[in-house]
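Sequences listed follow chains A, B, C and D, in order.
The working numbering numbers the first residue of the first sequence as 1 and each following residue consecutively.
The working numbering numbers the first residue of the second sequence as 1 and each following residue consecutively.
The working numbering numbers the first residue of the third sequence as 1 and each following residue consecutively.
The working numbering numbers the first residue of the fourth sequence as 1 and each following residue consecutively.
What the hints contain is simulated information worked out from the structure, not anything from laboratory work.
A couple of the hints might just be wrong.
[What the hints assert, rightly or not] Just some of the chain D residues that point at chain A, by a computed CB distance under 10 Å:
1. L4
2. G7
3. L394
4. L395
5. Q402
6. W421
7. L424
8. K438
9. A441
10. I471
[Stated by the list, open to error] Here are a few chain B residues that sit away from chain C, every Cβ distance over 10 Å (derived from the structure):
11. A41
12. E194
13. K258
14. I271
15. K288
16. G346
17. E441
18. V559
19. L610
[Stated by the list, open to error] With a cut-off of at most 27 Å between alpha-carbon atoms, the simulated BS3-like pairs for lysine-lysine come out as follows:
20. A/K429 to B/K150
21. D/K472 to A/K64
22. B/K581 to A/K418
23. A/K155 to B/K625
24. A/K155 to D/K443
25. A/K29 to D/K434
26. A/K29 to D/K365
27. A/K155 to D/K201
28. A/K160 to B/K581
29. A/K347 to D/K438
30. A/K358 to B/K28
31. B/K585 to D/K365
32. D/K484 to B/K625
33. D/K438 to A/K185
34. D/K434 to A/K160
35. B/K585 to A/K155
36. B/K569 to A/K347
37. D/K105 to A/K155
38. B/K150 to A/K347
39. D/K201 to B/K625
40. A/K160 to D/K438
Ideal Cβ placement from N, Cα and C applies to all residues, glycine included.
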Amino acid sequence: MNIETITLLTVFVPIVGSFTIPLVGLASKSARSAWAIALGAVTAALPLLLIPTALAGGETILRKAFVLGLDFVLIIDPLSIFMAIVSSFVGFLIIIYSIGYIHHEENQNEYYLLVVLFIGSMMGLVFSGNLIFLYLFWEIIAICCWRLIGFYRLKEHVRKADKAFLVTFFGAVVMLLGFIQIYSKTGSFDLTTMRGAVIPGSAVLLILFGMFSKSATVPLHTWLPDAGVAPTTVTALLHAAVLVKIGVYAYARIFLYTFPLPGAWPKVIPIVVVVSSLVAAAAATVETDFKRILAYSTVSQIGYIFLGFSMANEAGITGSLLFILMHGLAKAGLFLCAGIVIHATHKRDIREMGGLIKTMPITGVAFLLCSFSVIGIPPFGGFFSKFLVIMGTVKAGQVGIAAVALFTALLTMFYLLKVFSLVFLGEAKSPAPEGTRSMVSVVGLLAFLSLVAGIFVAYPTKIVQAATTHIMWWLK
Amino acid sequence: MTPNTLLWPILLPAIVAVIAFLIPTRVKWFREAICLGASAALIYLAFALFAVKNLEFRLPWMGQGIGFELRLFHFSAFILVGLAGFLFLITLYSTVKMSGHPRIREYYAYVFLTAALANGAVLADNFVPFVFFWEGLLVTLYGLITLGRKEANRTAVKAFIINGLCDFCMILGIGILWAQTGTLTISQISVKPEGLAVVAFLMMMIGAIGKAGAMPFHTWIPDAAIDAPVTFMAFMPAAFEKLLGIYLLARITLDLFKLEKGSGLSLVLMIIGAATIVLAVMMALIQKDFKRLLSYHAVSQVGYMILGIGTAVPIGIVGGLFHMINHAMYKCGLFLSAGSVEYRTGTTELKKLGGLAKVMPFTAAGFTVCALAISGVWPLNGFVSKEMIFHGAIESGYVIFAIAAWVGAIFTFASFLKAGHSVFFGPRSEESPAAVKPIKESPAPIVIPILILALLCITFGVANKLPLTTFIQPILEGHVEAGESIDFTPHALSLFTPIAGISILCLLLAFGLHAFGWKKGGKKAYLASEPVHKFPVLHTIYDWAENRVFDLYEQGVIVLNGLAMVLFKGIDRPIDFVYEKIITKTGEAFAGVLSKAHTGHYANYLAWCLGGLVAIAALINALLK
Amino acid sequence: MTGHIALLCGIVLFSILAVLAKDLIKAAISLAVASLLLGILFFLMGAPYAGVFEISVVAGLITVLFMLTIALTKTGGDVRESKAVRIAFPVFFIAFIVIDILVMASLLPKIHVLAGGTETGTFGDVLWKQRTFDLVGQLAVILAGVFAVLALFRKRDKDE
Amino acid sequence: MIFLFIGLPLVVAAFMPLIGKVSKKVAPDVLANAVFLFLLVLAVTSGRQLIGQGPVLQSLSWLGEPLAIQIAVDGFSLFMLMAISLVTFCIGLYSINYMTHYGSKANFYALLLMMVAGMNGLVLVTDLFQLYIFLEVAAVASYALVAFGLEHDELEAAFKYLMLSVVASAAILIAIGLLFGLTGSLGFAAVGDALRGLDAKLAVGFCAALFIMGFGLKAALVPFHAWLPDAHPSAPAPISAVLSGLLIKVSGVYALARIFYNVFGLEAGGALSQALMILGAISIVVAAFLAIRQSDMKRMLAYSSISQVGYVVLGIGIGTPLGVAGGLLHLFNHALAKGLLFLNSGAIQQSTGTRNLDEMGGLAKRMPVTAATSLVGSLSIAGVPPLGGFWSKLLIIMALVQAGHGVLAVVAVLASVVTLWYYLIMQRKAFFGKLNEKWAAVKEAPFWMSAATVLLALLVIGSGIFFAAIIKSWIQPASESLAKGLQTALHGLGGF
């Protein structure tokens, strides 16, 4: 199968398949879960076939013209392939995990439909080369998030879901205004034809608004901790693996791959994102709700990815791309551990938990390993990404910002170890047995992967290197 | 000796660590045998590599100048030998000491993993693998400390965060270096320390002295002394961390930044060294627990090494480096002897111990030799390296640092007199614990390492030409101006120089202080330090120090929490407030006002329509003009 | 010309009366008088057919219908007018008149008087030749009116 | 053959009461729906080749003699015909079940057919006065339909609607009179041509103001919108769907657009265009905020209609072909989605008996089809991408930014966020929360009602996915015929 059909399949198999899930669900619950896993597996497997093309570093464009410049364009280059692999893999893991997690909740058909649709539209977004179709998949994901956050249908949850949907929709619509401003200047929405064009500063501000709302950077981040009310698999899917990576990917695709940043923007963005990660880390230190801490921690780590990209030098970009992979694995692991703990103890406040390592050894160790990877301690993958981001920042001459980033890393170390000690060590306040086997095995796998990704970091770096050189081709 | 043998010092201990972890706990002796065999093999490998001297292993890894590059040269070979030696002794020691421990699998795994990472850090020639191995030690440090008492987790976190802070500073330094020189390979970097490079130097220095355990990053060591297992104290703070820390400090001052004699940076180093010596030894003096006393000494001895290297004078540097290996030996010996005392009596409280010399002769003998060595008594290795450091301090032109070193020597000897007297030589104390096991000499695997170390102290002291010429002095080869000779062996042991005279005087003074304190304390050795403790001004400072006022970590945690609260309340909550309250409320209020206008009366609507017509007519009229 | 203006003022006066009159019958009568004056005005302005229709249908038939319904339903149901109308209506009315005069004053010079003044051709051929399609429209309006009456005055079936 | 659009509904409506007497139950439904279906098929198929070669003029002959009836179909009116017949077909299906408990279904269908005839006529005429007459036909039919339920509040709302519409018709008549005075003729082309000759800018301005008030009131733009929030909620659901979906657009927006473009010749950025845009923007914002506090579902939908018509007027007011295309596409999408939402509210009212959002809760559990289709409808109007509403709002905003109206673009964008806000409130209160125990026994809507809503939902999704096909085949011909302004009037629609 040539590259184009693989990519089209990667995008449309999950999207179209997701709508068949409720139909299969009518037949039997187990058939539906199996069908959902099958869809997840296919979506995870297909991008892997594209690795050789990614390593070759080439770029193939697939175009289908519609009316008024709104034509459907797919860019298949190392950046999009890398993102597709990362998000579909972690998404697939989460589908397996959710079999055990929600098998006794109601309206599960809708849950699986939305999760698979979520991953499918993520694939679409990652490959799309036309700004409007990028926005289209952006919003489909927003709808899925809204329905998933409100999964438990409680009044407070739905209110939080509405808040999340409105904030991201507001950001996205403002971004759309930016896209249209570019359209009126360059006459097209097609990224491939506009590489290197200079765009007005105001368009940059508008587009950044959308990215910051989707990737929860400080001024627009409060919806992410509030979305902690959703089932853990959703928060894992949202916070760790996929959703927050969209804003960052869009930044790379628009401001690195296509348009150089005009005016003072290259100076302003690093400051904003570093402040965002600092404030989020501070909030995580103060918070006591388990999932809210992890959510704030995601906001803080996303700041790093933005920081790496905003440096626009080789080290920064490689660091950020690696960060997306490593953070995806480690943070998904943390959230799924949190899911097991909350699922077992039915408590959300970390001060009420304690001594769980005795009854949940694997979850405890997995949580510790994943938090080491998030902090950036060597044998784990997280180290390389954070190291490269900071080295990239210093290489770009922003030593002050690098110092603040390191201070945030110290804060991260502090609150993650605080959480680990409060939840897993100390005397057992509410001992509870470990979750079902599928949940624990996924968590173990994620922790193991973070370690393996650290030791054999050379392999993911090959693809990342290809992606960076592909992006940097224009910046040089 | 092909280049890939360089991989063996890293892979061998790593593989053994995995094997040790996989062997189930109930299988006795098999794990210990493998570990001992491996550490022996490691010593042989280290010596073989030492013989080869220069070997390089380069592997392209992640692009952009980041390669998995290992380089063996004289200095790293020497450190490898040291590390392998101590690993062997600790493994031998812990076969008995740690035999009953529930998490014995993890213990051996962490020990050998630390060995692998340490070897990797020493051999690494590119900053990325260097930091990869260097920071990896954090994980094993955390793991080993949690093996101790149940409440050890607090100290484990404390150690983790302090070392994490220092490693992050080091990364910043490395980043600046990379930005300035454009390369990451350590051997190719040498920068004149001015402008941003000064910041890089300071940051890297923090990384080095943080690992070595100097002020102000030392506070986790005394806590770990009580919480962590004693073999850990002998293994890490005493030996490994000192070797690695001072190795990095030496590489920074010699290779990377070429520190000049009178420069400001060398002054900074010397101040840190001197402060560490004096303050740590003052704290050590008043300790009531044997292990805490030894841990404070470990901190203060680092001060000597930093002072030595800080002088940037060849004799000072050689003295500092020699002191590094000497200190590793006798400090490890002292901790092991404390461990053997604990193994037998179950406690290390000075109050409860006494008169063990007769019952545990070999441990006592080992202890005395090492104690004399640390105090700098004449023929032993401590004297040799301290003299060199004194010479260096004087030669560097600032006498104040030499005086600080001497004050340190006084109190070191005084505190060891107190310790030795109360534990081994004084009368048997009445509240010593009911002897569970008949207190007799510890089994052979515990005593042998102590005696080996004591023997080494003596040989390195008496025959100091051997270690100096083979190990230490070649390190300075390329760094000294052509003319100067770097052979200090002739006057190493000379007693009749004014400096040696002063140091002997200090020892006598210390003896007098101990005797006075002993008599005043009613013949109880452990009260010997009370006069100093009760000294009017010192008393308050001591009390503060006891409740951790000067502790960087405790204050740091308070500051962190405060800052977090400020940021959280100051920025995060208002943003959320803006969304939750302001936007939603104004939206509803605006809608409320509008809906009031819809009263439902027909007349209002009609009035609106006519008003609308007039407005539009006026608008169009205006627009048409 | 003065006749026209007098008639116009009369029409306006009587229609205000129809609106403000308390009693329904007075309102119906004033409406009839207003439409009568309008019919006369049509004649004066050379639109005989329009005049005939106006007087016969509006002044005659509709007024009779009004009278009948008022008589049949119980009288005395004065409409409860909110006092606001008393104040608001004149103010609006005067304002509207002023604007009307101003605008019309600027418009009148532009409106060139239609050629031939009286209706071109007989009413028949105007209706059949040029405006036949309007018939379809008229038919539709009447039909719609009939269905509206049918729908609104249907007696409620039992199953509601 | 085009005359069928007017003639067929008229004739069938005339016979409907008689048929109603013959068989109360089946015949009226079948006959009415057959007519609607036929009109839909006619519009979709015959329309294609008719406008293949430009506007079609049809002059009728009665008993061999050429009657002076000029009705014409060009891109714009064909598009409107398609929209009208499509929505009325769905409504016809819906009212099979819904209107049973209102009684006298025959009268209902008769009035509905009359309204369709009126709308079709209005769309096809080429003469100002005929435009007024067919406007009245549709209006009279709608007064009766609004008051069809004969309860107190329905009658009062119908009366209020009647009274205000009469004022609007009076304004339109004055304007037509003035134009007749100015130009001496009534045909679009003749008036347009004559006006160009005169330099009566002020007079035309005043006529435009009168037209804006008249058709603005019919289209419920803000200063004149007050009758809609009372009339629509009290009308039966299919009727409020027709009113919101079609009537306010045909009798308001179509007429305004036709006259302003083809008679006055509106040029982008001119006085008329700015007036329309400002009016549109105001009604978007004011109506959007009003909708937030409504607790009655249908009142909220009514306010939302006012706001969305504001978008259509804003789009058409820009004057550029892209703007007009955006406005028309939004007209189409809004007609489908708003019709769907009103039908859903009718289904809820019939199942639970209440329209108050606070009393509803989590109905999705008991009424999944209604919940799903209403979700599709609300997201489409809110302009969330995969559905139709997004593309039309996108075109409007693109046109605004291209024409340089940055401020209006920002207003349109922010208003769509407020739109999403109140639709989310509606979804939360009605469907998305926990099931209110009062409605534990609630059943799903009957077959034909669900069929109609599902059909409309599929159309909404289809217009989202196949937006390019719809734009190419229906919207672009319509916007070209408008954008050509005066020329279409001259040689297209009955140029004398």
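Satisfaction of hint between A/K155 and B/K585, Cα-Cα up to 27 Å = holds (19 Å)
Could you check if D/Q402 really has its C-beta closer than 10 Å to a C-beta on chain A?
-> Since the shortest Cβ distance to chain A is 5 Å, the answer is holds.
Measuring Cβ to Cβ, find out whether B/K288 lies farther than 10 Å from everything in chain C.
-> holds (94 Å)
Can we trust that B/E194 is non-interface, i.e. its beta-carbon lies farther than 10 Å from all of chain C?
-> holds (84 Å)
Could you grab the alpha-carbon distance between A/K347 and D/K438 and see if it respects the 27 Å cut-off?
-> Since the Cα atoms of A/K347 and D/K438 sit roughly 31 Å apart, the hinted pair is violated (cutoff 27 Å).
Hinted pair A/K358 and B/K28, Cα distance within 27 Å | This hinted pair holds, its Cα atoms lying about 24 Å apart.
Is the shortest C-beta separation between D/L395 and chain A less than 10 Å?
-> holds (7 Å)
Is it true that the CA of A/K155 sits at most 27 Å from the CA of D/K201?
-> violated (58 Å)
Any Cβ of chain C at or closer than 10 Å to B/L610, or is the non-interface label fine?
-> Non-interface label fails for B/L610: nearest chain C Cβ at 6 Å, not farther than 10 Å.
Checking the smallest CB distance to chain C, is B/E441 really beyond 10 Å?
-> Given a closest Cβ separation of 109 Å, the condition holds.
For the hint on D/I471, just tell me whether its beta-carbon gets within less than 10 Å of chain A.
-> holds (5 Å)
Using Cβ atoms only, decide whether D/K438 comes closer than 10 Å to chain A, and label the hint accordingly.
-> This hint is violated: D/K438 lies away from chain A, its Cβ roughly 16 Å from the closest one there, beyond 10 Å.
The structure fails to meet hints 1, 2, 8, 9, 19, 22, 23, 27, 29, 31, 33 and 37 from the earlier list, while all remaining hints are met.
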